[in-house]
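Chains F and P, in that order, give the protein sequences. Under this note's numbering, residues 1 to 407 are what the first sequence spells out, in order. Under this note's numbering, residues 1 to 407 are what the second sequence spells out, in order.
Please keep in mind that the hints were generated in silico from the structure rather than gathered at the bench. Each hint should be verified, as a subset may be incorrect.
Since the list gives no way to pick out one identical chain from another, each pair is judged satisfied if it fits inside one copy or across any two copies.
[What the hints assert, rightly or not] List of simulated lysine to any residue pairs, SDA-like, C-alpha gap at most 20 angstroms:
1) LYS355 to THR34
2) LYS355 to LEU338
3) LYS355 to ALA158
4) LYS355 to GLY326
5) LYS359 to PRO145
6) LYS359 to PRO331
7) LYS359 to GLY328
8) LYS355 to THR160
9) LYS359 to LEU327
10) LYS355 to ALA163
11) LYS355 to LEU27
12) LYS355 to PRO331
13) LYS355 to ARG342
14) LYS359 to LEU338
15) LYS359 to ARG403
16) LYS355 to PRO179
17) LYS359 to GLU225
18) LYS355 to GLY287
Number of protein chains: 2
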Amino acid sequence: MISRPASPPVRSADDYRDTIEQLLRPLAARPVDTVPVAEALGRQLAADMHAPIDLPVFRNSAMDGYAVRAQDVAAPPVDLPLTGVVAAGDPGLQPLALGTARKVMTGAPLPPGADCVVPVEDTTAGADTVRIERGRSAGEFVREPGSDVRAGAELVTAGTTLAPRHIAACAAAGLAQLPVFAPVRAVVISTGDELVAPGSPLRPGQIYNSNGIALAAALTANGVEVIAVQHSGDDAAQFRHLLRTAASAADLVITTGGVSKGDFEVVREVLIPLGGEFGSVAMQPGGPQGLTVVDGVPVLSFPGNPVSAVVSFEVLARPILRRLAGLGPVPEYELPLLGAVRRSPEGRRQFLRGKLVWKGSQPRAVELVSGPGSHLVASMAAADVLIDIPAAVTELAAGTSVRVWTI
Amino acid sequence: MISRPASPPVRSADDYRDTIEQLLRPLAARPVDTVPVAEALGRQLAADMHAPIDLPVFRNSAMDGYAVRAQDVAAPPVDLPLTGVVAAGDPGLQPLALGTARKVMTGAPLPPGADCVVPVEDTTAGADTVRIERGRSAGEFVREPGSDVRAGAELVTAGTTLAPRHIAACAAAGLAQLPVFAPVRAVVISTGDELVAPGSPLRPGQIYNSNGIALAAALTANGVEVIAVQHSGDDAAQFRHLLRTAASAADLVITTGGVSKGDFEVVREVLIPLGGEFGSVAMQPGGPQGLTVVDGVPVLSFPGNPVSAVVSFEVLARPILRRLAGLGPVPEYELPLLGAVRRSPEGRRQFLRGKLVWKGSQPRAVELVSGPGSHLVASMAAADVLIDIPAAVTELAAGTSVRVWTI
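Extracted from the complex, chain F is given alone in its bound form (with noise of 0.2 angstroms):
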């Protein structure tokens, strides 16, 4: 039991992300999984992709109307012999002869000698002839193979979350398994004995535990494979047994509760042995943190009020499990803040819950939706930004302007 402890120093909010992603490093050499094209959305490409063909695969006509040569319609209107029809998909290896037309559809191969297509709607078809009403020169209508990527080059680069164009460009490359890196994996242990599963019914004391699920939702949202959520009591053996299965299977472990200053600090009571460094980050809500590794594998250890585990999440780990997980930036905004804020602790940087006011499609201004206060996890239901106020700003006017980001 450690009831006052000597302060350990207090560190910033960025120093304490950036060890945190020094410990998380490690994790973006992970094991590749092979996917099916199909299956490879969100999926984070491991290898650069080239394409095995050139894109289009053949010469092939950009409308449907007739293969010509150009020297043949140079002067319309002029009346073709009709040699045939080429259908998508047809092999189309029968030489166009010389001042005869050959009708094609779009995608369809070009008839080798022909050089452009005459659109349909510059035509009168007749019996066995058509007539051509407007000449076109060379290559018109007509595309060429590789013209839209030659084989060998590259066509999506390692690392890439794949979207749905980068999953057309490697399905119409002919690619049908790709290397993909298999997500960070984390365990999420929520500590206390006060915390009850929602659904069952509360005594004196107990409340609802929602840190296990909402981290694990967060850490879903972003990009990692969530495969415990676990609760422990403030009990040592059973935190320690949680601790180590979860760091057999994990790559990542995220605890809430017990690590501020209290008496019952299941958290800081094992981890601290373990070589678990816990001290203070100069933000609030989220200020009591640890970290700790435990058999290879990183512990992030969050405080348990719910608002201030969301918020640690969201300043200490969201930002590097995207880069992680290949995820762009989260949306970040310069806005005039509606309302004052009164007070903001000095040395502690504050992260207040806010609301994006629109105008159209941007967001304009944004305003406060709930108090300061680390327990209100109703009230952030209704927040869909992180105001982020200063370590040295300890109240704001009306419309200045500050930093916001999405959460």
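Given chain F, work out where chain P should sit, using these hints.
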């Protein structure tokens, strides 16, 4: 076979999308699933959720410290006899006698009779007394029941797409199950004898089928559940069979190919007799379009060029499907265009592929990443926006402000 039909009236993309929206409107009333709160991330809430209990559910301490009566600590320093400790999770029903203090942990119930908490930092613990070094007023560091949300108040509104913060609020209020809308279920059928699944060898005239996979990915990324991706050759019986099967299982069918003025247009051939409206939409790519209701199920028929199919989805379907899924609007920007567009077809709105140029976390400009050709599917992989060029515009100077939206 329709080789030069009388041109149907050309409709604007906005007008055509409105028609599709009317057709899809009944999908707003979808069946409701009940899911555990831990599995509700990204689902759309089907009913307003109200807090069944006050949050906090009981009066509790905001700090690790000592519960006291404010009047007993009005003239610090003062030594008070210690009467035990209340951990988080303890029932905490024992009243606090006048002139005494009780140690309380963050989140622990405040003993009846106590009206404030003195943080541990402002105290010195003795053997069975505590020295209070700073007075506090009634209410300080006390979280009142219902100060976050009152029982009966609304927590999350029907229609909300559930983010981690909503899940946190619902879990904290003890809601174990949430009612959510079933997703829109879609089947994609790509048509064309020339299409071969990625991974198989290509014979002359054949190309890889990317449309089905790309549209399935785009649907999935926009909240739709894709229940099947099918391929039909240009065979009416085969297409009709796949279509009827799809309509018996899905809320929406999307077909690709077979909609233009060529000779082998299986989609037109099957759907026009079923009442399908096929015509031209004044956009490029994506001009030829069809719309049919088969057995009560809307069928959107997109053109078969991969870029045309994806742009059709982006322009004509995605905004509607996102609204149905409760997802936010597609991010749009007005940005200067790097480089000029020398030619854009008069009378047709053109959608070019572009890439955002970032400065820090804000897009500052957009550059073209590919030509206008609707076969340029590999080049599209590099694009992250569509550049929307109005129908009346035929050329754009470098630096002109253009409307773009993310794809």
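How the hints compare with the structure:
1. Within a single copy, LYS355 and THR34 get their C-alpha atoms no closer than 41 angstroms, and across copies no closer than 28 angstroms, so neither meets the 20 angstroms cut-off.
2. For a Cα distance limit of 20 angstroms, the shortest separation of LYS355 from LEU338 inside one copy, 10 angstroms, qualifies, whereas the shortest one across copies, 34 angstroms, does not.
3. Taking the closest pair of Cα atoms, LYS355 and ALA158 come within 20 angstroms of each other only across two copies (18 angstroms); inside a single copy the shortest separation is 36 angstroms, beyond that limit.
4. For a Cα distance limit of 20 angstroms, the shortest separation of LYS355 from GLY326 across copies, 18 angstroms, qualifies, whereas the shortest one inside one copy, 27 angstroms, does not.
5. In this assembly of identical chains, LYS359 and PRO145 lie within 20 angstroms of each other by CA distance neither inside one copy nor across copies; the values are 47 angstroms within and 36 angstroms between.
6. When the C-alpha separation of LYS359 and PRO331 is checked against a cutoff of 20 angstroms, the pair qualifies both within a copy, at 17 angstroms, and between copies, at 13 angstroms.
7. Only between protomers do LYS359 and GLY328 lie at most 20 angstroms apart by alpha-carbon distance; the minimum there is 14 angstroms, versus 24 angstroms within a single protomer.
8. With identical chains, the CA atoms of LYS355 and THR160 are at most 20 angstroms apart between copies only, with a shortest distance of 15 angstroms across copies and 31 angstroms within one.
9. Taking the shortest alpha-carbon separations for LYS359 and LEU327, only the inter-copy value of 18 angstroms comes in at or below 20 angstroms, while the best intra-copy value is 27 angstroms.
10. Taking CA atoms no more than 20 angstroms apart as the test, LYS355 paired with ALA163 passes between copies only; the shortest distance there is 14 angstroms, against 28 angstroms inside one copy.
11. Taking the shortest alpha-carbon separations for LYS355 and LEU27, neither the intra-copy value of 33 angstroms nor the inter-copy value of 29 angstroms comes in at or below 20 angstroms.
12. For the homomeric pair LYS355 and PRO331, the shortest alpha-carbon distances inside one copy (14 angstroms) and between copies (17 angstroms) are both at most 20 angstroms.
13. In the homo-oligomer, the alpha carbons of LYS355 and ARG342 lie at most 20 angstroms apart inside one protomer (18 angstroms), although the nearest pairing across protomers, at 43 angstroms, exceeds that limit.
14. In this assembly of identical chains, the alpha carbons of LYS359 and LEU338 lie at most 20 angstroms apart only when taken from the same copy (14 angstroms versus 26 angstroms across copies).
15. Within a single copy, LYS359 and ARG403 get their C-alpha atoms as close as 18 angstroms, and across copies as close as 16 angstroms, so both meet the 20 angstroms cut-off.
16. For the identical chains of this complex, LYS355 and PRO179 are neighbours neither inside a copy (39 angstroms) nor across copies (25 angstroms), given an alpha-carbon limit of 20 angstroms.
17. Neither within a single protomer nor between protomers do LYS359 and GLU225 lie at most 20 angstroms apart by alpha-carbon distance, with minima of 36 angstroms and 31 angstroms respectively.
18. In this homomeric assembly, LYS355 and GLY287 never come within 20 angstroms of each other (Cα to Cα): the closest approach is 23 angstroms inside a single copy and 40 angstroms across copies.
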